[in-house]
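Spelled out, the chains give:
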Amino acid sequence: MSATNTIRELEGAANPEPPRRPKPARMNPADVLRVGGSGLRSRPMRVFLSALGIAIGIAAMIGVVGISTSSTEDLNRRLQAMGTNLLTVTPGQSFVGDAAHLPAESVEMIGNMDDVESVSAIGKTSAKVYRNDHTPKQETGGLTVAAARTDLPKSVGAEIVDGRWLNAANSRYPAAVLGPKAAEQLGVHRAGPDVKVWLGGRWYTVVGLLAANELVPSLDSSVLVGWTVAEKELGFDGYPTAIYTRAEEAAVNDVQSVLGATANPETPSETTVSRPSDALAAKEATDDALSGLLLGLGGVALLVGGVGVANTMVISVLERRSEIGLRRALGATRGQIRTQFLAEALLLSALGGLGGVLLGIAVTGGYASYQGWPSVVPLWAMAGGVGATLVIGGLAGFYPAVRAARLPPTEALATT
Amino acid sequence: MTWQATGATTDRPVVELAGVSKTYGDVAALRDADLVIRRGELLAIVGPSGSGKSTMLNIMGTLDRPTQGTVRIDGHDAASLSDRELSALRAGTIGFVFQQFHLASGVPALDSVADGLLYSGRPRGERRRLAEKALRRVGLGHRLYHQPHQLSGGEKQRVAIARAVLGDPPLLLADEPTGALDSRSGAVVIELLHELHEAGTTVVVITHDRDIAATLPREVRVKDGRLEHDSGRAGTSTSLVPEEAVR
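So the protein sequences, as listed, match chains A and B.
Residues in the first sequence are numbered consecutively from 2, following the numbering used here.
Residues in the second sequence are numbered consecutively from 331, following the numbering used here.
No lab work stands behind these hints: they were computed from the structure.
Keep in mind that the hints are not guaranteed to be accurate.
Take a look, some chain A residues computed to stay more than 12 Å from chain B by CB distance [claimed, not checked]: (1) Ala31; (2) Phe49; (3) Ala105; (4) Glu106; (5) His135; (6) Pro137; (7) Pro154; (8) Gly188; (9) Gly202; (10) Thr272; (11) Thr273; (12) Gly293; (13) Ile338; (14) Ala363; (15) Gly388.
Short, incomplete list of chain B residues facing chain A, as computed with Cβ under 7 Å [unchecked claim]: (16) Asn388; (17) Gly405; (18) Leu419; (19) His432; (20) Ser450; (21) Gly451.
Quick caveat: nothing in here was measured; it's all calculated off a predicted structure.
A virtual CB, placed ideally from N, CA and C, is assigned to each residue, including glycine.
Whole structure, please, built from the sequences with the hints as guidance.
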């Protein structure tokens, strides 16, 4: 004891200045990544399975967002094609509750407005239409017989799939154009001089068939006849029941606000003005609640995936105690051990996140092409997906990493 | 190395233990140990299992702190250093060799050895270059890309030794380096430690094997947590410095 004390004193005299304090070196990011990845490389199956958990969650969320975006994109393109500038005026109810009617001259008055590109109208009649004269009277099939002005296709964007539209000549004669649902019910598959339907007690020749019209779906189940023949033969009173107006794109709102008053200046409150494209968009938007639910489910799946990553990391730390001990012996600081396991967890979940994004894109692409939609996955969803996995991975890896770092080196090395 | 920078510090002992005790609860694993190891020594710390020699290794390796007493490693008072600083001290000053080799499965020898300097702040290319040199030095130049399962026990331990001496640390601590080896491989490993010692490294071998201990220039016997016998201290009252260190 005294001998060593002497030695120490002598040493102290020989080395008056203490050595510089050792300072840990920083690991460069590439080494951090490599060390974090080394833990994953040695257990590929486990890595695959826990990354899959994350991937399913992300894929579900990307899929939901992608499918709803694709559907919206499809609607937008359809609306773009149909035009969002169609305005419809229908008679509302009168002050006392009777069905009101629009003045016969309202179509002309609207046509005289600024910013109106085109205007047309139909007028419903009380006539019934049947396949033939033997069909029982009550089997009307819910079809409407309406008088149509010859300029109707231009305003509503109706397309003829067979035959032709009513014109100045044939609208005076018993000729009809059928909407697709009406044609189906009446068993009509083509137009032609020999194709006839029993309408209002006489034969009408089917001169044309319409394509389905999304903006004005009521036309689909309508049988349209000429204005003149309707007045003459079907007891039509000549009052339009729906006026279709195409306004200048930039002035749609202005036109909409005065349309009712223009159509029926005496009692503007007895008109109803609507914009079919808005109704269509609103109908599709009602799916939002379902999307929210699915998104929530995706979130739950992601959370479960995160728990899977946490579990994998906890086990990994338990199994690799001796590796941790060795690294401490090689000079790793607690912080460097913590960083290693955090990097491993982040890599693991980033792997799952990337896989999930790809899977989500595949699901969206598959479903969209099945539906005939354009396939759109917003960039924010992909970035958000990967970002979310990194947050999940960081949370999942934090506790195991802290545990690994707190492990005393001697204890870690004692396990074989 | 910094210790070579000034001539005055070159004869600083690599390890100094003064009055070092370590107790776990009521059990004293090490009692009042005094030990000085000078630069360039090769010594054995020998004792039966449970004698406290592993505790000594942990304390000399700064993996554990003593309950009492002073530990100086390469002149640094371990008690005054934070955990971070001790880590840095291990990274630069101490090389470890373990009985179980601690080589990661599936990792080529070259990368295992290169990890010896992972925490030294040196770039990867340099680490790998030094690793190749170290592997050639331990006679494994033909096994650079072999994985642990392709190596014999003796070769694994030589890989571990290469990793430990990669950064040329002043102190090499070998904990039962031959414990898991047959006698022939063990002899090769001991021979290698001799070679490292001759090249200037301070080597401390912790072993329960008295035969191995007897072949080393200095032998410190530990029993029941006490240093019983130190061959290097015979007559130290006049010759403070063990002969090996004077070379």
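Can you list which hints this structure breaks, lowest number first? 1 and 13
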